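Number of protein chains: 2
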Amino acid sequence: MRRKITLKHIARELGVSISTVSKALKNSEEISRDTKDRIQAFAKLYNYKPNNIAISLKNKRTKNIGVIIPNIVHHFFTTVIRGVEKYANERGYNVIVCLSDESFDKEVINMEMLANGSIDGFIMSLSTETQAKNDYNHIKEVTNQGIPLVMFDRVTDEVECDKVIIDDRDSAYKAVKKLIDSGRRNIALINTENLSVSNARTEGYYQALQDGGIPINKDLVLTLPFESIDEAAIQHFFDTVSMDAVLCVNEIFAIYGMRVVQKKGLKIPKDVSFIGFTDGPLSKYANPSLSAVAQHGESMGAIAAQMLIDKVENEEEDEVYRTEILDSTLIERESTIN
Amino acid sequence: MRRKITLKHIARELGVSISTVSKALKNSEEISRDTKDRIQAFAKLYNYKPNNIAISLKNKRTKNIGVIIPNIVHHFFTTVIRGVEKYANERGYNVIVCLSDESFDKEVINMEMLANGSIDGFIMSLSTETQAKNDYNHIKEVTNQGIPLVMFDRVTDEVECDKVIIDDRDSAYKAVKKLIDSGRRNIALINTENLSVSNARTEGYYQALQDGGIPINKDLVLTLPFESIDEAAIQHFFDTVSMDAVLCVNEIFAIYGMRVVQKKGLKIPKDVSFIGFTDGPLSKYANPSLSAVAQHGESMGAIAAQMLIDKVENEEEDEVYRTEILDSTLIERESTIN
DNA sequence: GAATTTTACGAAAACGGTTTCGTGTTGATA
DNA sequence: TATCAACACGAAACCGTTTTCGTAAAATTC
Chain A
1032 MRRKITLKHI ARELGVSIST VSKALKNSEE ISRDTKDRIQ AFAKLYNYKP NNIAISLKNK
1092 RTKNIGVIIP NIVHHFFTTV IRGVEKYANE RGYNVIVCLS DESFDKEVIN MEMLANGSID
1152 GFIMSLSTET QAKNDYNHIK EVTNQGIPLV MFDRVTDEVE CDKVIIDDRD SAYKAVKKLI
1212 DSGRRNIALI NTENLSVSNA RTEGYYQALQ DGGIPINKDL VLTLPFESID EAAIQHFFDT
1272 VSMDAVLCVN EIFAIYGMRV VQKKGLKIPK DVSFIGFTDG PLSKYANPSL SAVAQHGESM
1332 GAIAAQMLID KVENEEEDEV YRTEILDSTL IERESTIN
Chain B
1032 MRRKITLKHI ARELGVSIST VSKALKNSEE ISRDTKDRIQ AFAKLYNYKP NNIAISLKNK
1092 RTKNIGVIIP NIVHHFFTTV IRGVEKYANE RGYNVIVCLS DESFDKEVIN MEMLANGSID
1152 GFIMSLSTET QAKNDYNHIK EVTNQGIPLV MFDRVTDEVE CDKVIIDDRD SAYKAVKKLI
1212 DSGRRNIALI NTENLSVSNA RTEGYYQALQ DGGIPINKDL VLTLPFESID EAAIQHFFDT
1272 VSMDAVLCVN EIFAIYGMRV VQKKGLKIPK DVSFIGFTDG PLSKYANPSL SAVAQHGESM
1332 GAIAAQMLID KVENEEEDEV YRTEILDSTL IERESTIN
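Going down the list, the sequences are from chains A and B.
1032 is the number of the first residue of the first sequence in our numbering; add one for each residue after it.
1032 is the number of the first residue of the second sequence in our numbering; add one for each residue after it.
Simulated from the structure, these hints should not be mistaken for lab results.
Certain hints may be false.
Which copy is meant is left open, so a pair is good if it fits within one copy or across any two.
Below, in silico cross-link-like pairs of lysine-lysine (DSSO-like), each with a Cα-Cα straight-line distance of 27 Å or less [stated by the list, open to error]:
1. 1164 x 1080
2. 1080 x 1054
3. 1035 x 1089
4. 1067 x 1117
5. 1075 x 1137
6. 1342 x 1209
7. 1094 x 1035
8. 1094 x 1298
9. 1137 x 1057
10. 1117 x 1164
11. 1164 x 1249
12. 1171 x 1075
13. 1171 x 1039
14. 1080 x 1091
15. 1054 x 1075
16. 1091 x 1039
None of the values given here were measured: they were computed from a predicted structure.
Please construct the entire structure, taking both the sequences and the accompanying hints into account.
Right, dumping it as structure tokens:
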């Protein structure tokens, strides 16, 4: 087993000083051609690579970025990570992924863990629990220390930092408008508690109904606790309420809803049409395939990474923060197109 | 903005030496109660936290583990990461995720990037390209340097290290046997090129047919390039070959196959039953829901993490490697149960 | 009161690099 | 031949810790 070789080893072996070796390997003008050749050849032979940790300590730059997300089994977050990773890698950064598991405490622990020098900046999306508690001290703590932060998707006004979001309100508005335009009048909504994005989508839903001159009927709105997929509640909802269209704030609700509706003998989209949020594989491969609002997670991740790295590498800390609003796309599939 | 405080700051501020501060904060017996109290109070007040990078350099331990996977949008890999992350976090480790994107070159680059001190050990699953090339020098390089490595799922005999896999051959065998036992005789297989796991599953398929006394018919096997989801090829396959059951080496093939079969007016599972590999949300929410071989990615990840961390923290390097074989579970759903 | 042991702390090395500055040697210049 | 710049390299500081070892001063022992 060949252990990693250091500058010290090379210096000792070649009878020169550590500084000479360091300079020679950076092709410094200070060192003679001869010496450089010797040192470089030796280094190549023994496959010398500088130790990242030592460089990090010296530069106070780790070239790592921390990504904290609530959950990784969600396709959306997965695509964001992918976008972050791809972009970060191109710029020589590694990605440390931490999962808060929708828990406030884990979010705090993860942030503290990484904030002590392990990373140059954070990209994060809030856990539901954090949004419910409305407690952002751990995040302010981090930004106060001057660690750059970019929040995406689930964000809050309480923290000043760069943000990347889609306009959830407007996306829902457009989806509902589309349903109205195609002649639907009894449009239901299945949403979730305590989630900034769900709330925004709900607002868009109401606004679209209002603008469309459709009276608001609270019975058409089913609010479920966060993704518990309470099958009985969904079943009961469709048993007791009648509608000709449904907007769901996530894929799972929509897929499950379609199933219940189909079991009742109704046809999709003839009798009821469905639109879901977050276009993932489920939507694409569902039967019928589900029309969905695509959030373009990968671009979101790439943009977040770009904003973060630009800030990290930008010496002068301008206290100006941007919020980038990305376009969503309504992808129409069998669940709305006859 | 309060910058991070260091031992040096505390020492200067309190008129003691750095070593005294360091010891006081570790509650060393060497330091008087008085001094300790002063220092600890001061440290608490200014929220002192030791710098991870400095500690890493000193200890030659980063408390980071690198995970290299081919793809993150695959549900299976996602669950593995989750398992790794959960377990690693419990033991105080962070997880650096790198995506090889099924590319040999990216796999090499990622490994080299992390191998220079950024991590204490690797957990990885091979990219298709690496398996096709059969070139594992970058991996051997890493293990030669004494960096612990655990491979999972897509592994190779060429590299000596700890491994965690499921018995793909046996899992496929059992799935096919189940189909035979339920009276199916024309059992098709949709598999993939150049993938260790796919090959093993194919072996199990043949073996089960042989043991079941069913003649092998190569026409019943469709081999697709890696997950291109060649829709035309799948369509053509079902148009020209007739079968009463299909085993697919991944979810997508199965879901897409079911759709084609349904469009032809055949009933699932009455006319054709389906079993897929890798139980993910698609299987669960498909219509009909898809019976699948569950690989228990989360346990796989947790076990891999445990093996890795045990090895990392174990000083004496016993050159003995284990291969842990996990049980898979056939989850029966509507696509096989009448 | 001298010798010895504790007590309480500081100096310094080490981890593996980078970088500034100092210096002995060489060759050119006046 | 004295002066000086250029060249080629080394010493040392620094990043932020931990840890070993040395040592004054205080406390204890005889």
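List in ascending order the numbers of the hints, as given earlier, that are violated by the structure.
Hints 4, 6 and 8 contradicted; others consistent.
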